[in-house]
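K.L.:
Residues per chain are reported as follows:
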Amino acid sequence: MRVLIVEDDAETAEYISSSLNALGHTYEVASDGKQAFLQALDSDFDVMIVDRMLPKLDGLALVKSIRSADVKTPIIFLSAMNGLHDRIDGLEAGADDYLVKPFAFSELSARLMALTRRPPMQSEPTTLKVADLEVNLIAHTVTRGGQEIAVQPREYRLLVHLMRNEGRVVTRTMLLEAVWDFHFDPKTNVVETHISRLRQKIDKPFIKDLIHTVRGFGYSLHA
Amino acid sequence: MLNMKIPWSGLRSTSTKLSLQFALLYSVLVALMFFGAYRLSIYEIRDRTFDQMRADAQTLMGVYADHGADRLTEHVKALQTVNFENSRIFLLLDGNGRTVSGNILEIDLAAVTGDDVQFIPVDDIEIDGDLEDEVTGYWLTQTRIGPFEFIQGTGDHVGSEVVEALGVALFIGSVLAIAAGLLAGVWVGKITEKRIVDISNTLDRVSTGDLQARIPISNGASDDLSRVSESVNATLGRLETLLETQQQISNDIAHDLRTPLQRLRQRLERLESQSQPDPSEAGSALAEVEDIITTFNALLRIAQVEAGDQRARFEKVDLDTVAETVFEVFEPSAENQSQVLRLTRSPSAALVLGDRALLLQLASNLIENALRHCPAGTTIDVTVDAGDEHATLIIADDGPGIPVKDHERVFRRFFRGDKSRSSSGHGLGLSMVRAIAALHEADVELSDNEPGLKVRIAFRRL
Chain A
1 MRVLIVEDDA ETAEYISSSL NALGHTYEVA SDGKQAFLQA LDSDFDVMIV
51 DRMLPKLDGL ALVKSIRSAD VKTPIIFLSA MNGLHDRIDG LEAGADDYLV
101 KPFAFSELSA RLMALTRRPP MQSEPTTLKV ADLEVNLIAH TVTRGGQEIA
151 VQPREYRLLV HLMRNEGRVV TRTMLLEAVW DFHFDPKTNV VETHISRLRQ
201 KIDKPFIKDL IHTVRGFGYS LHA
Chain B
1 MLNMKIPWSG LRSTSTKLSL QFALLYSVLV ALMFFGAYRL SIYEIRDRTF
51 DQMRADAQTL MGVYADHGAD RLTEHVKALQ TVNFENSRIF LLLDGNGRTV
101 SGNILEIDLA AVTGDDVQFI PVDDIEIDGD LEDEVTGYWL TQTRIGPFEF
151 IQGTGDHVGS EVVEALGVAL FIGSVLAIAA GLLAGVWVGK ITEKRIVDIS
201 NTLDRVSTGD LQARIPISNG ASDDLSRVSE SVNATLGRLE TLLETQQQIS
251 NDIAHDLRTP LQRLRQRLER LESQSQPDPS EAGSALAEVE DIITTFNALL
301 RIAQVEAGDQ RARFEKVDLD TVAETVFEVF EPSAENQSQV LRLTRSPSAA
351 LVLGDRALLL QLASNLIENA LRHCPAGTTI DVTVDAGDEH ATLIIADDGP
401 GIPVKDHERV FRRFFRGDKS RSSSGHGLGL SMVRAIAALH EADVELSDNE
451 PGLKVRIAFR RL
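Quick note, the sequences are listed as chains A and B, same order.
Be aware that the first sequence starts at 1, since it is given in the numbering used here, and climbs by one per residue.
Be aware that the second sequence starts at 1, since it is given in the numbering used here, and climbs by one per residue.
The set of hints was computed from the structure by calculation and includes no laboratory data.
No residue lacks a Cβ here, since even glycine has one placed at the ideal position from N, Cα and C.
A hint or two may mislead.
[To be verified] Quick list of the computed label-pair ranges, beta carbon to beta carbon:
1) B:308 to A:10: 18 to 26 Å
2) B:407 to A:24: 56 to 64 Å
3) B:311 to A:64: 23 to 31 Å
4) B:277 to A:44: 36 to 44 Å
Work out the full structure, taking the sequences as your base and the hints as a guide.
P.N.:
Below you can see the structure in the form of structure tokens.
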């Protein structure tokens, strides 16, 4: 995938670009807002990584300009600002996700993947299917190999989120945000506990595991 | 700018200047008023004199009509005898213009012709007898009585004693009033000046770093200056708290990050010296960084909440849904530790004005705190209740509890009861709870659950 990295700190830009390169992605780097705006209009990217504080045109204004130019490329904000409402401001400006510095590259790459492969859904599907696991989104039922599995509402929501991101890595933080709207890190390893409960029902009685732990990254549901 | 000294001497102070200006204005007004009164009284006395002359002329006309010329002559003579030192002068002329009676020896009759009262200087008349020293002229009238011409006049000195006495009284009065005005002005100025000096001195002390300085406020006075003083004091109070918070944050960061930073440094040094870097060493270093970031974020977040700027974005939040979400998140963890987490919803809607994300964190921190400090077998009750005025969130456990003497201290940053500092958690959870509660103007109350700990957060209900 092709990534536009808008970052004025050379070292951070180099860290992101070399890590992306190692994963086989291509990239361009812009070190100020104006240049980034021109690059964003000039060529097609799959995703843009935009630092919030930039010379010439700051990140928030840049994203607004890109969106008003009708460029719909997914954008993820990187910010050293941890203000409680900076995230909301960023999303309101037109960004699709928001990540606070300092961050681990695993978190960034998982979020990039989630953004780029978001399917352009024309209509909401009524069922989700991964291998022999099936979720009926209308009846709220879960079956595997034709066998119905009773899940609690919280397990159902977690499962649906994992299935919608089939094959992609979903980090702990992403799950906390998406499933429970938690924008802080609980000290208790609640995500691990919930995943393990879900595994008990979805994977344990069957031969092949579908929920995989990606060490140092998070979880991924795939055949 | 900070150390600027303002000269408060004498006339340079605004308040004194202002009071003097008002006193001066007051003096001018009083003087004008008294001068007006003086002039008015002169006219009033003159009017009375004229009235009396007219009345006398009427009497004489009556006497002539009823009793004839002889009685008229007698009357004019009688008027002369009651006269004192020629304050009034008379002349009765017959049809031929000859003097019948009177103390006017010679007069230019042409000057007196007409109905109006005329003023004739004393030099233009010759009068029989001595004159008062003060007289400068006479007010004269001429009346026709049958064939006679009656001329009478009143000296302009008549009533001047009264006017003079009045003038003196008015003058003394003015002087006293002006003096009082000036004194009051200066006095008020001095008092105001002293209070302004108090304010200025206080601000000087603040600018040199004494944040505890406050403007003295005299009780009872509720004028504009004391209102200004009160709001300055309130601002100083807020400033002091903010600075304390700021100081607290730097202390906290130094306090809690130094040790993990030291460990991180050791690991990195070890990695550097290794020819074949040990991946587990790098992993530990990364974990250390994670830990540092978590603590750092928690501290900054508390500081942000304490600064209180997100109140502008408050919205309606249902405490029940907050409790339900948090219950859902932690229930499996409790079960794993053989603890029972129970939820009791409010019988009626428990709506409050707040920040949903922060309220989620408040509830999470309280539950995590209970989960961490209670042994297996304990029950943790999460209860939401809505009363008339308050919506409350109660987290109660039947674990070991906290000694009452520590109830206040647990809210301090990094307080961890008797446990060693190596235990899990950063000792920041309850500080965050208190900060969030304070932001929502909610009361936090710790009590003995007999056994265990009961934390009750009371919000104002919508």
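K.L.:
Are the hints correct? Go through all of them and say.
P.N.:
A quick look at each hint next to the structure:
Between residue 308 of chain B and residue 10 of chain A the beta carbon distance is about 37 Å. The supplied range of 18 to 26 Å is therefore violated. Range check, residue 407 of chain B to residue 24 of chain A: Cβ separation about 57 Å, and the 56 to 64 Å hint holds. Between residue 311 of chain B and residue 64 of chain A the beta carbon distance is about 26 Å. The supplied range of 23 to 31 Å therefore holds. The hint said 36 to 44 Å for the Cβ distance between residue 277 of chain B and residue 44 of chain A, and at roughly 40 Å that hint holds.
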